[in-house]
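Asks: Chains as they are written, first to last, in the working numbering: chain A, 21 to 369; chain B, 21 to 369; chain C, 21 to 369; chain D, 21 to 369.
Hints in this document: simulated from the structure, not taken from any laboratory. Hints may be right or wrong, so weigh each one.
Any copy, or any two copies together, can satisfy a pair, since identical chains are not distinguished.
Below, a list of computed lysine-lysine pairs in the BS3-like style, where the Cα atoms sit at most 30 Å apart [what the hints assert, rightly or not]:
no., residue 1, residue 2
1, Lys78, Lys23
2, Lys180, Lys78
3, Lys23, Lys359
4, Lys300, Lys180
5, Lys359, Lys180
6, Lys300, Lys23
Spelled out, the chains give:
Protein chains: 4
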Amino acid sequence: MGKAHSNAYCQALHFYDLPFTVRRTLLCGRDEAALTTMAARWGWEETSTDWRTAIDRKDIDAVDICLPNHLHAPVAIAAAEAGKIVFCEKPLALSVADARRMVEAARTVPTLVWFNYRRVPAVAYARQLIDEGRLGTVFHYNATYKQQWGPDTSRDGTWKMDPSQAGSGVGDDLLTHVLDTALYLNGAITETVARTRTIAPNRAVDDAIMALVAFANGSAGTVEATRFGIGCKNRKTFEIHGSGGMVRFNLERLNHLEFLDFSEPSTEQGARDVLVTDMKSPIFGNFWRPGHIIGYEHTFIAALAEFLQCLANNQDFHPNFADGLLVQEAFDAVQRSAKSGQWTRVANA
Amino acid sequence: MGKAHSNAYCQALHFYDLPFTVRRTLLCGRDEAALTTMAARWGWEETSTDWRTAIDRKDIDAVDICLPNHLHAPVAIAAAEAGKIVFCEKPLALSVADARRMVEAARTVPTLVWFNYRRVPAVAYARQLIDEGRLGTVFHYNATYKQQWGPDTSRDGTWKMDPSQAGSGVGDDLLTHVLDTALYLNGAITETVARTRTIAPNRAVDDAIMALVAFANGSAGTVEATRFGIGCKNRKTFEIHGSGGMVRFNLERLNHLEFLDFSEPSTEQGARDVLVTDMKSPIFGNFWRPGHIIGYEHTFIAALAEFLQCLANNQDFHPNFADGLLVQEAFDAVQRSAKSGQWTRVANA
Amino acid sequence: MGKAHSNAYCQALHFYDLPFTVRRTLLCGRDEAALTTMAARWGWEETSTDWRTAIDRKDIDAVDICLPNHLHAPVAIAAAEAGKIVFCEKPLALSVADARRMVEAARTVPTLVWFNYRRVPAVAYARQLIDEGRLGTVFHYNATYKQQWGPDTSRDGTWKMDPSQAGSGVGDDLLTHVLDTALYLNGAITETVARTRTIAPNRAVDDAIMALVAFANGSAGTVEATRFGIGCKNRKTFEIHGSGGMVRFNLERLNHLEFLDFSEPSTEQGARDVLVTDMKSPIFGNFWRPGHIIGYEHTFIAALAEFLQCLANNQDFHPNFADGLLVQEAFDAVQRSAKSGQWTRVANA
Amino acid sequence: MGKAHSNAYCQALHFYDLPFTVRRTLLCGRDEAALTTMAARWGWEETSTDWRTAIDRKDIDAVDICLPNHLHAPVAIAAAEAGKIVFCEKPLALSVADARRMVEAARTVPTLVWFNYRRVPAVAYARQLIDEGRLGTVFHYNATYKQQWGPDTSRDGTWKMDPSQAGSGVGDDLLTHVLDTALYLNGAITETVARTRTIAPNRAVDDAIMALVAFANGSAGTVEATRFGIGCKNRKTFEIHGSGGMVRFNLERLNHLEFLDFSEPSTEQGARDVLVTDMKSPIFGNFWRPGHIIGYEHTFIAALAEFLQCLANNQDFHPNFADGLLVQEAFDAVQRSAKSGQWTRVANA
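Bound conformation, chain A alone (with noise of 0.2 Å):
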């Protein structure tokens, strides 16, 4: 991830007018080459085997951490502390508690959480689609992630495999992004009944997660995340089912979105495959010219560019870690439901 959150830094005021200078000042890491190569690569200015020092440099405003997610607590909560802005990558923390006494540390300085998807020029049309009302009242969201490297047991020794730095398998890796974009299109989600499973032997963690879910506007579904759905490189999906008309999306072709108005007379109604790169397009005009497509890397350089835009306007930005604890409810509850086999209340939801 370090890989695209650097593009970012580089990128974003290549398209952004913002009102501020980014500068690359330290790049922190535990192996000492790598850091080099990539400090070089990427013009960080210094690095450092110690991510104590972010922290310490009085000249340093933003810290950003890519680290294995059990260290998302302890580091957001000490960069918080001393001040700066915090950006996290997803999921927030390992646990609810620990989301929030990140929010709490965080209370005072502007944070983001690395759910980039938000920025998916197409989810965010389709948000500014059911903003305004164009999909009615929402009967039926359903949601995927499916992913098909499982059956590679060639990573099963990197800290994505273990509980004690993961947390789960695919569950933090995957559905905290479904959950999120869950969260984004459609609100709160109240209950949940769940089920994981690793289906490859010998791991630790969970391969695949199905749930149904309820949401706090009276629509339900399903979402469901998985390192075993062959087939799919990269397919995060959702569709929506609305009174108003219905939209559909695939991550694998992110400048696409399907939507279609139940408002048209009935022999005309088909579902649009809108290509999301209009000059008007959110987000997408600070690229390129109509039909000139962008793709994974932009979602970074739009949340960053976008948070800028907020810190310049004193203006919330989400996702934000309050965003991110709300993910890590709902992902406890569907967490809790797998173990009881119950339908199980998201906490505050």
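Could you slot chains B, C and D onto chain A? The hints should help.
Replies: Just chains B, C and D now, with coordinates in the frame of chain A:
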């Protein structure tokens, strides 16, 4: 449905070589004027307003039941006891108990349940790929059936909206189709947790059902049916991920099956949009030349024709009443879970 | 084709209210055994190995010509002169001169040419959008018909590969379909420059034709037909761009029409995948419920039924022999251009 | 285009290991204020309103020409004669004569023409499949480039609408891209017949071009470009049918290549939707993880990076000025044919 069945009786011998003739002897129903019109149009020789006439007549070999669901059991049992071949619309019955009595009564007569979608060439082809081991070990099975006429209250007076005649709403109507396809392609369902919802005000039957399911083969997934799937005219889908590949299907484009072969080199993998209209494709070869697609009605023609082939060859036809009972048992678990909120075992699974 | 026609005669009255009965009186052909089998299967009352029998019989009102192309003219002229209604497979004739003689001979009898694809609901819907002005001023018309059986030399002995019987190869077989659709949707073609190719060795007819065309309405574009369109089972397409929008069609998914409405706000525009299976969609409403798709054969059923409706109402049916002649004139210009290499005017256009 | 080029200079070394550093030394242009803004945003060290400054400076190794088309020749020739590496926007020149002079002048310096679409991973993958013989003998090559801004007259005052600066309209702008891809994938074009049209009133350049083309490899097809392709934001397509299979591409979904392998059993064949984002896919592996798609700008980054790799390894880069000349020769035949209405040979083909 009488139209689709009548059509099958007219067409089966046009497209299949069968050692039978099919006479449309007697059309029964309640409305005499409608019967006369229908009989004239579709070449039924006689009509009757009493279904017992069909059972009493010695020159009638087969009885086809297209009645509201609550009448399936009494008519089927009477017909079977009279030694008739019995065809029955889906779902087989209103309850597992009824379905069992039907299976029992029909033990010595050939039967057919109109889960016609098994005869979509693309569905049969998916089954063939599975039988050949092309999908390997199945990990995930996701299926939906979404229609959009739920908001239309003009049908609220029909038997499909009356629990005493229909049993349930979208459950009996659409979810049983989803379950039959699931059993056909992925084997027995062992347990489920489900939720039903009635979305339209003042409606006595369910409009939407969603469930998590576990299969005897170790896979798991989601099944869902709704009449509020705005944007979906007749979208019945499945998506199966196995160690060997993936298939994906949508009834609205029923001549197509998406198939991904995971044994291909990784750079070459992609979901193939197979137009299942080859002369060697299952079922299709009886109809037209490659690429000259077929539609909804052909599933009935093919089911009838294959039934008659089985009859001629003294083979078991599927889906028969026993298959219909399996669907009923799975659906019963869904309904019990929807009431209890608990994970619920499927009887005999 | 006899199968598709026989089917239409069986089915038209099942799906349409028509003030006629259709008897399948006499089936003519050269192979007596094949005739007997076909007649038994499709309910033809009698057979004859002499097509003149059909023309001589007073109890026969209509003659349907499914013969090799070179026989269309003599049989159609004889039938028309005997006062029969005449149906004729496409293309109408081997030459413009023959086609003109046919039109002349049939001046007082109702006629039909089996350019059946005008009765695809999606094609009829495209025409409706055009008639309503939804596409505005047309700029571009692109159309293709691609099949892939060219490399298969097993058919080289059939009449379709014999210029004296077929006229040309892919030209008469597929390009005439493309031209008829073009005339139907976009009006007269005024001039063309074309090239034909015979790709398979030792073949006497063309395998591929490509042409630039200009239309009387000021638009221009490309038309193409090939038997070497590897990867295309039966891909007949058109794409039309006008000041008001776009439509796009592919026969392999004949229930769909892509439609883009350029009057929508630019951020919302996208090609709608309209599933042309609404109860109010043209043609479709006679068949099944929304989303329960139809196939190839329904185009023949609908053409026959609409012919009979026109007959009952004393209206002109299209495409009739005069329409067939227009196709012939356009195709003649294509053929002349292919020989001369010059831009060539279409006669009477 | 300066933005896309500047971006490439910033990004190439972030994603590729290259034995060079790339300095953004001097930005030239006519508008001093615009230069200052652009230089500040993209990190250009200095600016100048006289392009000759770049050629005169000894510390500058490479000159990149993003000027109106009519200035390509004089600047490129001056730069090449000064011994600079020369990069030039497409098309190479306004005329074949100019292009030849440029090739001649640049005989001893490395050159690049920004036909960036060769570096779309899916296009490179198509080329790889062709090189491996997977498509076999090519029969058909169809390509289009359709945009929809033609009706917008607000750009009528720009240099792109002035024949003396742009040469032609959609021809130089879009058709040259189509031709370069055709030459890259299918080899030399030998002859063509073409027509151009100016659709907007009072416009001095062509808005639409269509042509039939024959290739040296025996295949033939159509090429087309338009600014009146309503419904198409940036739809650059090709479709190739060969004895071994088919590929199909659309720039609006540039991470995908449809590929059909005709050697598969006929029942299994279907166009695979290959998401060309595997770690082993051409080009893509330098960027992100599988399925994390890239966009328009990456084609520039990859072109520059591969140029530098070639430079380091003393290899020829393509497309260079000689490749640009080939495009010019093909386009010249298109233009001559559009004037004469005759089939026209491509010079040197």
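Asks: Now tell me, hint by hint, if it's right for this structure.
Replies: Now for the hints, and whether the structure bears them out:
For a Cα distance limit of 30 Å, the shortest separation of lysine 78 from lysine 23 inside one copy, 25 Å, qualifies, whereas the shortest one across copies, 35 Å, does not. In this homomeric assembly, lysine 180 and lysine 78 never come within 30 Å of each other (Cα to Cα): the closest approach is 33 Å inside a single copy and 52 Å across copies. In this homomeric assembly, lysine 23 and lysine 359 never come within 30 Å of each other (Cα to Cα): the closest approach is 36 Å inside a single copy and 50 Å across copies. Proximity of lysine 300 and lysine 180 under a CA criterion of 30 Å is satisfied inter-copy only: 23 Å between copies versus 39 Å inside one chain copy.
For a Cα distance limit of 30 Å, the shortest separation of lysine 359 from lysine 180 inside one copy, 21 Å, qualifies, whereas the shortest one across copies, 38 Å, does not. Taking the closest pair of Cα atoms, lysine 300 and lysine 23 come within 30 Å of each other both inside a single copy (29 Å) and across two copies (19 Å).
Hint compliance for this structure: hints 2, 3 are broken, all remaining hints hold.
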